[in-house]
Amino acid sequence: MSRPAAAQRWLRGRAIAWAARRQGVDPVPVMLHRRRIYILPTGQGMLYGLSVLAMLLASLNYNNNLGLLLTFLLAGIGVAAMYRCQHNLAGLVVHVQPAPPVFAGETLQFPVLLHHDGGQYRFAISGAAKPVDVPVGRGTIVPIAQPTRRRGRQPLKRFSLSTTFPLGLFRAWVWIETDVAGLAWPRPAAMPAASAPAPAQGVTAGANVAGDDDFAGLRAWREGDSIRHVDWHAVARGRGLLTKQFSAGPPSLEFYDLAALGGLPIEQALSRLARSVLNADAAGSTYGLRLGDRTFGPDSGAAHRERCLSAMALFQV
Amino acid sequence: MTAKALVSEEIVAPGVARQRLLWSLAALLAMLVPALSHTRPWAMALIAALIFWRLGYAYFRLPLPGRLPRGVLTLAALVAIWLTYGTLLGVVAGSALLIVMAGLKLIESHTRRDYFLLLVITLFIGLADFLYAPRVGLAAYMLPALWLTLTALVIVGHGERGMAARQAGRIAASLLLPAVPVAALLFFIFPRIAGPVWHLPSSGGAATGIGDSMAPGSISKLAISSRVAFRVHFDGPPPAHRYWRGPVLHHFSHGVWTRGNTAITSLPQVQLRGAPVQYTITLEPDNHRWLYALAAPATWPDGAVLADDYTLYTEKPIRERRQYTVISYPRAYYGLDLNSANLQRDLQLPPGGNPRTRLLAARWQHNLSTPQEIIQKALNLFRDGDFYYTLKPPPLGKNGIDRFLFETRRGFCGHYASAFAFLMRAAGIPAHVVTGYAGGERNPIDDYWTVRDARAHAWDEVWLKGEGWVRVDPTAVLPPSRISPDAAAAIRAASAGTAGNNQWLRQFNYAWEAANTFWNRWVMSYGPNLQKAAFARLGVDYGSWMSIAMTMLAAFVLIFATVGAWFAWRAWFNRGEPVVRLYAQFCRKLSRVGLHRGRTEGPLDFAARIVQDRPDCASTVNAITGHYVALRYEPNPPRETLRKLATAIANFQPERRI
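Residue numbers (my numbering), protein chains in the order written: chain A, 416 to 732; chain P, 3 to 660.
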């Protein structure tokens, strides 16, 4: 790494540490007050500043008052752009939702809902990916991605929201650190586990296809879910984003035990169990899970599958 | 360009890319229009070609030049500017350079950053327009042009998604509006320095107005020019005769009057007489050194020098508009104490030539006893001798004064002043030609007098014992019937600007002139002296470093505070759409009876809490909350829900519980 890059990284680390000391960990939702918004000129902003300076010198040199007026007008526009940039973030309310669980190695997507109770239309706010607009009175979701490596609870690391609106001369940003976490399930083994206990009753009667027939419950919102299925009443109650689930299909029965895989290291054993649970669930079977002295099921359906996977994610970590 | 920028920019939709291009082009064209007056046609043709090329790429996939042809084009353009202007610096060459750079930037503009650079260059072109011709009309034009450029900057800054032009225009206005008072404040307080910091090629062109010599024909060119030479404001009633004295010409040879190079050693004395006249002149730059003034100036501005012939001049040519105040005594005697040695230069005549004129003068000198009689005799000759005033006199050639006096008898002020001075000198009376302006047109709107080039005039001064220099205007004795119609019409048209006889146009002209005068007096002339005077009026000595530093500091605090307050107010003012405002009103009503909503409490939670605490309000609160939640969170709430919410909240009067 080159020296300037190292220096920049060091400076950034110091700045983040300082901001963390100043702000601490925020309870959700976070209201973006002006005092926690940081702002610095961008490269374009520096160029703009230098240009205004050059115009000032030229106007002074020619004793040209009209040139001076133009220069001062541009300086004023720069100041206005700075405040406008800050106000583009100020007053936003950030609801950080727990990310839907993923398998270890996949990327958690924390849906961060931005909204504001009034104020102006907010333009081009960047989280991790593309910038989004936040219209008045309507929430907008910015997914914050966080890759995972191991199973278990995955606290959302500090992330930033930033904007260079309106002219790209300044970048205003906030650092947000909350106690919200996601969950990484054990990574399922590559192949169906041959040594896994055979299903007690292996009749499959069609895949359990998520459909629109019957209301089957709620689950956490994931990217890609139809916005029509979001339970807005739950949002209003502060329960976070939940998707209404609808399903159809009859159940069947299977049973899995961690103790039966006693010879394997725990992570491998959990991987195999995860694979088994997934296979059984995909087959629409009714199945149960035993982890040490805890038993789940027998049962079927998405909720049961997730209960099993979550228990495995948190088992002995 | 980094790989990352490439990736993020390549996904720009064609519509957005064209929107960016068109708005940036519109801004560029707006700034180019005023540059037409000071840019060579080849540079304009080049940028026009590059613009069409870029448009061809955007609409018809016409291939753009690669890096090498662009480099060659850049180099060729630089060489062309060097060859055309002889420099790359200064306003005119610099402006051409900027225009060429803008064109070359345009054909390689694809990313947000490219367009940003292009728009910065555009702003510089606007600055060059101002530096070249700081006019009130241009300033009025520049404000919308700046707005357009800002709109383009907002659109470009918004990245790959583009933005509706109306919205971008509104945002640009919201940035421009608070910048106006900031600019005004900075303009007032920013410390001005006298004179240029370093010398660059001058922004002005050739010298205009009255030169330092008078050859046949030199003034007739001015007589048909409507250029404003200067504007005058009298503090008090204007004097009856308004002869604005410019360069005084002492030396005559080969038909040409020049200032000569003999100066007298001591400044002649003035004997003040009569009432003083105080006036302020705003002189347009003409690249000469004269400061025009009425006869016998008694006080004059700093930086001006009083010459031995009672004219004022500056040390350097006047390249910027200049304002100065003079007090003159029109009836003062000046040059009373001149002795025969000092008067020699105003008796000078070339050794030979014009024999008939010399003979006539010698006869007068012999036959008449006093100089006054000789002067009267000469004036009678012009008045009664069939002399005509015309702007197109026949050519004179050698012995021009003989030919004019005895043969052609047609000429304009220069001919009469020249012939009169020659006659006087030949008759032994010290005389010289004075050039300058006579008269002026009063603007009834602001009481400023406009003096145009059409008013350029030449007259004489003769020296009389006991009176000093006395003004004689030989042209003035011609009866109006002998002024040729074409000269009269030309002078009338030029002296009234372009208005002619149209009453409305004339009124408009007066108003425009008044705006110009106001602008020149209060904006354009605001320099080190006016700034010091303005601060002195506020009780601040704006000369010390300390006072400048403190004022600038205070200004910066003030600027940041006001712009910050402006945006805070805006945020407060636009604190919500109707639904949000109505709900806030509902919450205020509840607050008044002691039910406060938590900062992050959801509306349904809040409603549930109220229903528990205050069952008496339950139905109304539930209804209002239901409407509100529907309006905020349902995709397509029925239209009448908003009206229902408004009515319900308006009628909601929770009772204070005892």
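Calculated directly from the structure, the hints in this document are not laboratory data. Don't take each hint at face value.
To be verified - Now the in silico label distances, taken between C-beta atoms and shown as ranges: (1) P:Pro193 x A:Arg436: 25 to 35 Å; (2) P:Val613 x A:Gln423: 52 to 62 Å; (3) A:Arg450 x P:Thr564: 35 to 45 Å; (4) A:Arg429 x P:Ala610: 44 to 54 Å; (5) A:Gln423 x P:Ala610: 42 to 52 Å.
Note that CB positions come from ideal geometry on N, CA and C, so glycine has one too.
*Could you check the hint for me, namely that P:Val613 and A:Gln423 are 52 to 62 Å apart, CB to CB?*
holds, 55 Å
*Evaluate the given range 44 to 54 Å for the C-beta pair formed by A:Arg429 and P:Ala610.*
holds, 46 Å
_Tell me if the beta carbons of A:Gln423 and P:Ala610 are separated by a distance inside 42 to 52 Å._
With a Cβ separation near 50 Å, A:Gln423 and P:Ala610 satisfy 42 to 52 Å, so the hint holds.
*When you take the CB atoms of P:Pro193 and A:Arg436, is the distance between them in 25 to 35 Å?*
violated, 42 Å
_Verify the CB-CB distance for A:Arg450 and P:Thr564 against the hinted window 35 to 45 Å._
Roughly 20 Å apart at Cβ, these two residues miss the hinted range, so it is violated.
Checked against the numbered hints above, the structure violates hints 1 and 3; every other hint is satisfied.
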